[in-house]
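Chemist: Can you build the whole structure from these sequences, using the hints too?
186 is the number of the first residue of the sequence shown in my numbering; add one for each residue after it.
Careful: at least some of the hints might be erroneous.
As the list claims (entries may be wrong) - Subject to a maximum C-alpha distance of 27 angstroms in a straight line, what follows is the list of computed DSS-like cross-link-like pairs (lysine-lysine):
#: 1; residue 1: Lys-682; residue 2: Lys-410
#: 2; residue 1: Lys-197; residue 2: Lys-492
#: 3; residue 1: Lys-682; residue 2: Lys-698
#: 4; residue 1: Lys-188; residue 2: Lys-248
#: 5; residue 1: Lys-547; residue 2: Lys-524
#: 6; residue 1: Lys-698; residue 2: Lys-653
#: 7; residue 1: Lys-687; residue 2: Lys-698
#: 8; residue 1: Lys-410; residue 2: Lys-687
#: 9; residue 1: Lys-653; residue 2: Lys-682
#: 10; residue 1: Lys-524; residue 2: Lys-492
#: 11; residue 1: Lys-410; residue 2: Lys-380
#: 12; residue 1: Lys-687; residue 2: Lys-524
If you're looking for bench data, these hints aren't it; they were derived computationally from the structure.
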Amino acid sequence: MWKLVIEDDEGKRTVVPLARSEYTIGRREGSSIRLTERNISRGHARLCRREPNQSEGESGSAKFVLEDMTSYNGVFVNGLRVSHAQAIEHGDLVQIGDYRIVLQDDALAESPPAGGPKEPAGTSQPARASTLLDRPHRLVMLQGPTPGAEFPLDRERLMIGRADDADVSINHNSVSRLHCEVHALGDSRFELVDKGSSNGVRVNGAELQRGFVEPGDIIDLGDVKFRFVGAGQVFRQESVRLAVLPNRKVDPHPRSSRVSNVLPMTVFALVALAGAVGAWSYTRPSPHAPPAPTPESSEEALLREAKRFCTSDDCEAAHVRVQSDIPESSRWRDSQDFKDIESQWAEVVLARAAREPDVASKRALYQRVAQTMSVDAQHRRLAADRLQDLDSSGRAGAADLMELPPASARPRPEDSAPRPETSRKVAPVPDAVVPIAIATASSPSRANPGSVDDRSRQLALAGTPDAKLQLRQELEPRVYAGRATEAEVRLLISTCKDLSDKPCVQQARAVLKQQPSSQ
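Modeler: The structure is reproduced here in structure tokens:
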């Protein structure tokens, strides 16, 4: 029996038996497997079952093919992004947003190793998934002498520095000989301590002498940058930019020894400034002379001309011109004129697609916007969502639904309490056919969820930073006064996650644990 073991970002698992030939995966209601986190597209991926063709001599068990339905955040198999329909096998690890999904075949999971005893199904992860998920807490170098290198945090104390005898030796001049120390405090908690380094320690851009670090934090030691990756998490190099840094000259003395040099350096700076002012006064041009014109680059002139011809009705020629004549490495691709041309072109194409009666032409127009990486994320997301709506219009219905397990396989009331390392089952609904919905802490679809008013729902769907701030301001008084439903508390947790407000997340989770339905 083939099945999917789905684990959310809180470590809760759901087992989905694969009894049908095709499954749709996404946030849209009616999906065969519904994942409700905000980083899941409405139509994210499709999983198809392929039986061996006996007439062509194929043998063996069924095969599964996973396809990315032009999702915004992508689909990853064993840490690599899926760019086309890809076959997956027993033990492969699939990442979709914050979810980790392992494909398992009970027949292979129950088969004993050579010369070894038979293990019951579900007692261990398949080999491929185990290789990726069993890795410890670690630091991954994003920028430095060896980008991509991983340093496991497997000791109670680890010294990081440039010295050869440091536990984590970083050969870069911006790193002090003994730069900082990492303390393991237990319960997957770590503390970072600056050991008097010359260039300091920064966590998520904030300089600190001593503080806690969590998975996902960015740590800067001088010019060298790390990401703290939690145990069991898979680091995807496709989602970050790795860079090699040259060495630089640094002050060999720590910052505490520089105070005595402040006065001489100040005097020298004042003398140099006075000399510069005198030289400028002597050599400055006459006030009546016209300023020298700044030479205009060919790419700047091209952008200016293209923007002039890009109108609200036709921007195709301008888009083609800037795409072909401005190289990918050009700094002018980051200019506001370039972004305005691409945004205007995307709006024109989306408007034309909305008016197009032919389905194939409409799909091609949406795909152009969704797959053009120079277009801003908002327009690409809108094109991807409309493309999913177009593709799913002919597949909605009973084919996207999955029957519940028989009554004999449903859990008894006394077994409904959560247990570690066990899978959650769908609540029994007699003689009904419903989609499988897999919810997380940010989803308002768990048991006894209460309700969310229309205004909060509209703010949550808007997704802009201003809307998220306004949503948090409206939810917090109700949550902390004890008047909020469970769905509203979970919506506040999701909003605080999006705003990277960790104290808000912790306080809201504490309120959620006190509610009877969360016990």
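Chemist: Run every hint past the structure and note whether it holds.
Modeler: Hint check:
no.	hint	verdict
1	Lys-682 with Lys-410	holds (23 angstroms)
2	Lys-197 with Lys-492	violated (51 angstroms)
3	Lys-682 with Lys-698	holds (17 angstroms)
4	Lys-188 with Lys-248	holds (12 angstroms)
5	Lys-547 with Lys-524	holds (24 angstroms)
6	Lys-698 with Lys-653	holds (23 angstroms)
7	Lys-687 with Lys-698	holds (17 angstroms)
8	Lys-410 with Lys-687	holds (22 angstroms)
9	Lys-653 with Lys-682	holds (10 angstroms)
10	Lys-524 with Lys-492	holds (10 angstroms)
11	Lys-410 with Lys-380	holds (17 angstroms)
12	Lys-687 with Lys-524	violated (33 angstroms)
Checked against the numbered hints given earlier, the structure breaks hints 2, 12 and satisfies all the rest.
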